[in-house]
Amino acid sequence: MAVSASDIRSALSLPSSSTPVQSATTAPRKYQGQVTKKPEGISRELYALIGPSAPSLVAHLAKPRLKQKPNFGSGGKVKWEWRPFRNAGRTDSLQLGHWVKTTDDPDAEYSFAKYNVQSQSYTYSQEEYTRFLEDKDWTKDETDILFNVVREYDTRWYVVHDRYEPPPDSPTRSLEDLKDRYYSVCRKLIRNRPWAGDEASKAQLLNSYQFDKDRERMRKDYIASLEDRTPEEIAEEEALFIELKRLEQNERKFKKERDELLRTLLGIDSGLPDIVAEEDGLSALSAEGFKKRKKNANEIEIPSTPSNIISLGPPPPKRAQSAKSAALDAQNCIIRVEPPASSATKITHAPVHLRSFKLPAPKAALLPKVTQALTELGINHTRLVMPTRENCARLESLIEATTALIDTKKVVDRVEQDIRVLRVRLGRASEGAEEDGKEGTPMEVDGGAEAGADADADADADAEGEVDGRAQSILSTRSGRGRKQSRRSMSVSSIGTSASARVGKRQKRG
Amino acid sequence: MVNYGGDEVSALVLDIGTSSLRAGYAGDDIPKAVIPSFYGYHTVDGDVQMGENTLENFESTPKPPPSDAKPYVGRDGPLIWRENMELGNPVRDALIVDFNPIPTLISHALVDVMRVNPSEHPVLVTEPAWNTAANRERMAEIMFEEFHVPAFYIANTGVLNAFAAGKGSALVIDVGYAMASITPVVDGFVLRKGLVSSALPKLVKAHARHILSNPTPMRRGIELLPHQLIASKLPVEPGAPPKFTLREDRISGTTNSWRGWCENREVEEWMQSVAGVLDQGWNDQAAASRPARQYEFPTGYNTYFGPERYQVGEQFFFHSPQLVAQNPNLPKNIPTLLSESLRACDPDLRQVLMGNVVLTGGGSLFSGFADRLEAELSRNFPHVKIHAPGNPIERRYGGWLGGSILASLGTFHQLWISREEWQEHGKPIVGQRCK
Numbered sequence: 001m002a003v004s005a006s007d008i009r010s011a012l013s014l015p016s017s018s019t020p021v022q023s024a025t026t027a028p029r030k031y032q033g034q035v036t037k038k039p040e041g042i043s044r045e046l047y048a049l050i051g052p053s054a055p056s057l058v059a060h061l062a063k064p065r066l067k068q069k070p071n072f073g074s075g076g077k078v079k080w081e082w083r084p085f086r087n088a089g090r091t092d093s094l095q096l097g098h099w100v101k102t103t104d105d106p107d108a109e110y111s112f113a114k115y116n117v118q119s120q121s122y123t124y125s126q127e128e129y130t131r132f133l134e135d136k137d138w139t140k141d142e143t144d145i146l147f148n149v150v151r152e153y154d155t156r157w158y159v160v161h162d163r164y165e166p167p168p169d170s171p172t173r174s175l176e177d178l179k180d181r182y183y184s185v186c187r188k189l190i191r192n193r194p195w196a197g198d199e200a201s202k203a204q205l206l207n208s209y210q211f212d213k214d215r216e217r218m219r220k221d222y223i224a225s226l227e228d229r230t231p232e233e234i235a236e237e238e239a240l241f242i243e244l245k246r247l248e249q250n251e252r253k254f255k256k257e258r259d260e261l262l263r264t265l266l267g268i269d270s271g272l273p274d275i276v277a278e279e280d281g282l283s284a285l286s287a288e289g290f291k292k293r294k295k296n297a298n299e300i301e302i303p304s305t306p307s308n309i310i311s312l313g314p315p316p317p318k319r320a321q322s323a324k325s326a327a328l329d330a331q332n333c334i335i336r337v338e339p340p341a342s343s344a345t346k347i348t349h350a351p352v353h354l355r356s357f358k359l360p361a362p363k364a365a366l367l368p369k370v371t372q373a374l375t376e377l378g379i380n381h382t383r384l385v386m387p388t389r390e391n392c393a394r395l396e397s398l399i400e401a402t403t404a405l406i407d408t409k410k411v412v413d414r415v416e417q418d419i420r421v422l423r424v425r426l427g428r429a430s431e432g433a434e435e436d437g438k439e440g441t442p443m444e445v446d447g448g449a450e451a452g453a454d455a456d457a458d459a460d461a462d463a464e465g466e467v468d469g470r471a472q473s474i475l476s477t478r479s480g481r482g483r484k485q486s487r488r489s490m491s492v493s494s495i496g497t498s499a500s501a502r503v504g505k506r507q508k509r510g
Numbered sequence: 001m002v003n004y005g006g007d008e009v010s011a012l013v014l015d016i017g018t019s020s021l022r023a024g025y026a027g028d029d030i031p032k033a034v035i036p037s038f039y040g041y042h043t044v045d046g047d048v049q050m051g052e053n054t055l056e057n058f059e060s061t062p063k064p065p066p067s068d069a070k071p072y073v074g075r076d077g078p079l080i081w082r083e084n085m086e087l088g089n090p091v092r093d094a095l096i097v098d099f100n101p102i103p104t105l106i107s108h109a110l111v112d113v114m115r116v117n118p119s120e121h122p123v124l125v126t127e128p129a130w131n132t133a134a135n136r137e138r139m140a141e142i143m144f145e146e147f148h149v150p151a152f153y154i155a156n157t158g159v160l161n162a163f164a165a166g167k168g169s170a171l172v173i174d175v176g177y178a179m180a181s182i183t184p185v186v187d188g189f190v191l192r193k194g195l196v197s198s199a200l201p202k203l204v205k206a207h208a209r210h211i212l213s214n215p216t217p218m219r220r221g222i223e224l225l226p227h228q229l230i231a232s233k234l235p236v237e238p239g240a241p242p243k244f245t246l247r248e249d250r251i252s253g254t255t256n257s258w259r260g261w262c263e264n265r266e267v268e269e270w271m272q273s274v275a276g277v278l279d280q281g282w283n284d285q286a287a288a289s290r291p292a293r294q295y296e297f298p299t300g301y302n303t304y305f306g307p308e309r310y311q312v313g314e315q316f317f318f319h320s321p322q323l324v325a326q327n328p329n330l331p332k333n334i335p336t337l338l339s340e341s342l343r344a345c346d347p348d349l350r351q352v353l354m355g356n357v358v359l360t361g362g363g364s365l366f367s368g369f370a371d372r373l374e375a376e377l378s379r380n381f382p383h384v385k386i387h388a389p390g391n392p393i394e395r396r397y398g399g400w401l402g403g404s405i406l407a408s409l410g411t412f413h414q415l416w417i418s419r420e421e422w423q424e425h426g427k428p429i430v431g432q433r434c435k
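If you read the sequences in order, they're chains A and B.
Numbering-wise, UniProt numbering puts 329 at position 329 of the first sequence, and it's gapless, one number per residue.
Numbering-wise, UniProt numbering puts 27 at position 27 of the second sequence, and it's gapless, one number per residue.
Some hints could be false.
Calculated lysine to any residue pairs in the SDA-like style (CA-CA distance at most 25 Å, straight line) [said to hold, decoys possible]:
| hint | chain 1 | residue 1 | chain 2 | residue 2 |
| --- | --- | --- | --- | --- |
| 1 | B | 167 | A | 136 |
| 2 | A | 409 | A | 368 |
| 3 | B | 435 | A | 176 |
| 4 | B | 332 | A | 168 |
| 5 | A | 213 | B | 377 |
| 6 | A | 213 | A | 254 |
| 7 | A | 220 | B | 377 |
| 8 | B | 193 | A | 191 |
| 9 | A | 136 | A | 91 |
| 10 | A | 220 | A | 261 |
| 11 | B | 385 | B | 367 |
| 12 | A | 213 | A | 191 |
| 13 | B | 193 | A | 214 |
| 14 | B | 435 | A | 148 |
| 15 | B | 435 | A | 168 |
| 16 | A | 213 | B | 167 |
If you are wondering where the hints come from, they were derived from the structure by calculation, not from laboratory data.
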């Protein structure tokens, strides 16, 4: 292009004085760009290949820079001198010597004297002894000896017990006796002496001197009896332990197999341990089916738990609740609910969940009305601040009561409407045909009651009888409703339960 | 300096045992001077000394009592044959029973070997756990009155062995030259009720000697002659009768005590090089399966020792019922001592102690001893941990090493009994300070 440009220039006889200068400057610049300085650590050929576009590699291959050598002190010689010293921990004037740096302060206190710490110990006066510390088992002399030994050996009890030499006529004391006496005396002294600090610190101090002799003795006896076991006893215990483990494993295996069998035979996804298997169904077992079921069986099976508790993992079947575990539960506010005996379908299978996730809600059909009624009363039922078990139960009963109220109101409305209609008809009938009214009344009442039952929308097949009963008269509706209400309060919390119970029954029959 | 808690005041540590006396600077890891506790002496006054030893022994040492004139101490003392030289040992069963030659021995170690002036250094002395109060007071007296030390302390070998292993609480199994002892140590204090000891090593040596000197169907009884009494010998085939000539000139001038000591040395040497103990209890097959080992005595007699070399070590751990029935005063074996010691300890402590077993003492270097002990212990106790230093120096001089550590600690220096305190309080201060 440059060439053509110059040609044009020459053709147009334009001044071309600038052109050679430009071309002279551009050419070296290009050249410079090609040979930017090759970084160290890369061979020329490689650099020619990768070009300058590999900064990370360059950084990587850069020559490592060694850490600077540490500089010890000022570099000069350290002068040491033999210097005599006195130990502040000593009561005499013994002078020992040691090597120290000449730069060290000669008047400084001996650096190890600070470790000379005396432990605090209690002493008592004769008066205090006679007032508080009398004990029929211990004489004052013996107590004095004990306190001296304890002080001498800084309450290292094993050593104290070893070195304690009772007066000739006193009984031999066990370590627990010594500890008990010492700590009880200390406790009495703390309690009876004026206390400068607050009560809490006094109680804390008292606590630190607490000693339960019988418990200690029992513990020691237990340790001793553990040690005194003969090798045969130890072997037997171990054998028993292994046997127990084996039995447990067998039990688990057996249960698993039984469940598999059940599933194979009856086609239930049974995670439940205590469904009784029927023996004669065994012939139906096909190898293919067995394999298929086996895969399912390998999945972790969690027995279902009722919906409104925090379930604590799969509870073992037929847990024997000992008194201890009951106490523990009470202490930790754990409420265990036995899983319903027969519910084991996929529908009711509930994993571990928080109680607040399963707050009771009114039925969808009635939801707007319930919400409206509750809003009128100024209650917000969608959110529980504290979803405890009790609160959940109360919310549930509140929603039930509201639903019942709405139902009742609906029925009342309908009945009133019917009455109004009937009155109108009655009035018309009294004017005209009399036989129409006679036949129509019972039929219409019946229909109204049934409508109420429909609105109920409780798809309980068993309620058929009740509907019949309700149909008998208008007045009985309310009492029937009351009965039904009590039933439903059960069924709301366990819809799945009763359904599955039926399924279970049916399946057994099949 | 403060970081590791050490502060060396150039103290000396002195450990007197039945076989040897160890001395060195606190802070060192091996004693500078190790001399035998045995010493030779002539009962007759004015006896001629062996010319080459005069210089070594008797310069700048305190004059020994006239009855024990001129004891020969040090490396050139008892080992060298001298006419009519009797052999004595101030230490019996780890306890000092005769204080007369003690100053000579100490002086030899400190002044002649270490070349120090004891009056310039605090001295820490060791004592066995069963030492008597009178003994330790006498020792303090010797150090203060004869050596004019500025400060003195006497510490228990059991505690020091635990310290040497870096433990404050330990069950120290110490198999020495004459005594085997088990010492429970808690927080640096010996539990005296759990302390047990027996002259087991002596029994083992006697048994070994019995095995060697009595003829068996395989070989004749072995003459335990020391090389000092043998003029010349010729090499012989294994099991063949030795060909040697005695130094007849020396036989008449050899005393019984010296000869007995030399014979014991031969037995010990044989034990150290050949004898052993099976690691899983006595078993004829196991003993027979081990290779026989050759050993040559100073007479030139040499033979292979098979299973019998393992019978020796068995004495440490097991005594046959008939042997026990015959000798009511038989020293107790290690398992018996252990169970006795543990029974005297608090049940809480047993677990701690068994987790901190420290094996020490020159006798514990007996081949296979540590393995056998481990097998015995782990059979009876669930969690056993044995600290047995592989370094023979640490094992043999564990007591000295612990003393070296203790006396170089900065916090220890307030425990020294100073000269001033000694002069003020007298002997009772020893019992008060060194608990």
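Here is how each hint holds up against the structure:
Only pairs whose Cα atoms come within 25 Å are accepted, and residue 167/B paired with residue 136/A is rejected, the gap being roughly 41 Å. At most 25 Å may separate the alpha-carbon atoms for a hinted pair to count; residue 409/A and residue 368/A meet this at roughly 15 Å. A C-alpha spacing of about 23 Å is found between residue 435/B and residue 176/A, which places the hinted pair at or below 25 Å, so the restraint holds. At most 25 Å may separate the alpha-carbon atoms for a hinted pair to count; residue 332/B and residue 168/A exceed this at roughly 31 Å.
A hinted pair counts as satisfied when its Cα atoms are at most 25 Å apart, and residue 213/A with residue 377/B does not qualify at roughly 32 Å. For the given pair, residue 213/A sits about 49 Å from residue 254/A by alpha-carbon distance, which is inconsistent with the 25 Å threshold. Distance check on the hinted pair: residue 220/A and residue 377/B sit about 22 Å apart at the alpha-carbon level, within 25 Å; holds. Distance restraint check for residue 193/B and residue 191/A: the Cα-Cα separation of roughly 36 Å exceeds the 25 Å cut-off, and the hinted pair is therefore not satisfied.
At roughly 40 Å between alpha-carbon atoms, residue 136/A and residue 91/A are farther apart than 25 Å, so this suggested pair is violated. For a cut-off of 25 Å, the pair hint linking residue 220/A to residue 261/A is broken: about 52 Å separates their Cα positions. Proximity of residue 385/B to residue 367/B is assessed by CA-CA distance (about 19 Å); at most 25 Å being required, the pair is judged to hold. The hinted pair formed by residue 213/A and residue 191/A meets the criterion: a straight-line CA distance of about 20 Å does not exceed 25 Å.
Between residue 193/B and residue 214/A the alpha-carbon distance is near 24 Å, which keeps this suggested pair within the 25 Å criterion. A hinted pair counts as satisfied when its Cα atoms are at most 25 Å apart, and residue 435/B with residue 148/A qualifies at roughly 14 Å. A hinted pair counts as satisfied when its Cα atoms are at most 25 Å apart, and residue 435/B with residue 168/A qualifies at roughly 22 Å. A distance of roughly 30 Å separates the Cα atoms of residue 213/A and residue 167/B; the hinted pair therefore is violated under the 25 Å criterion.
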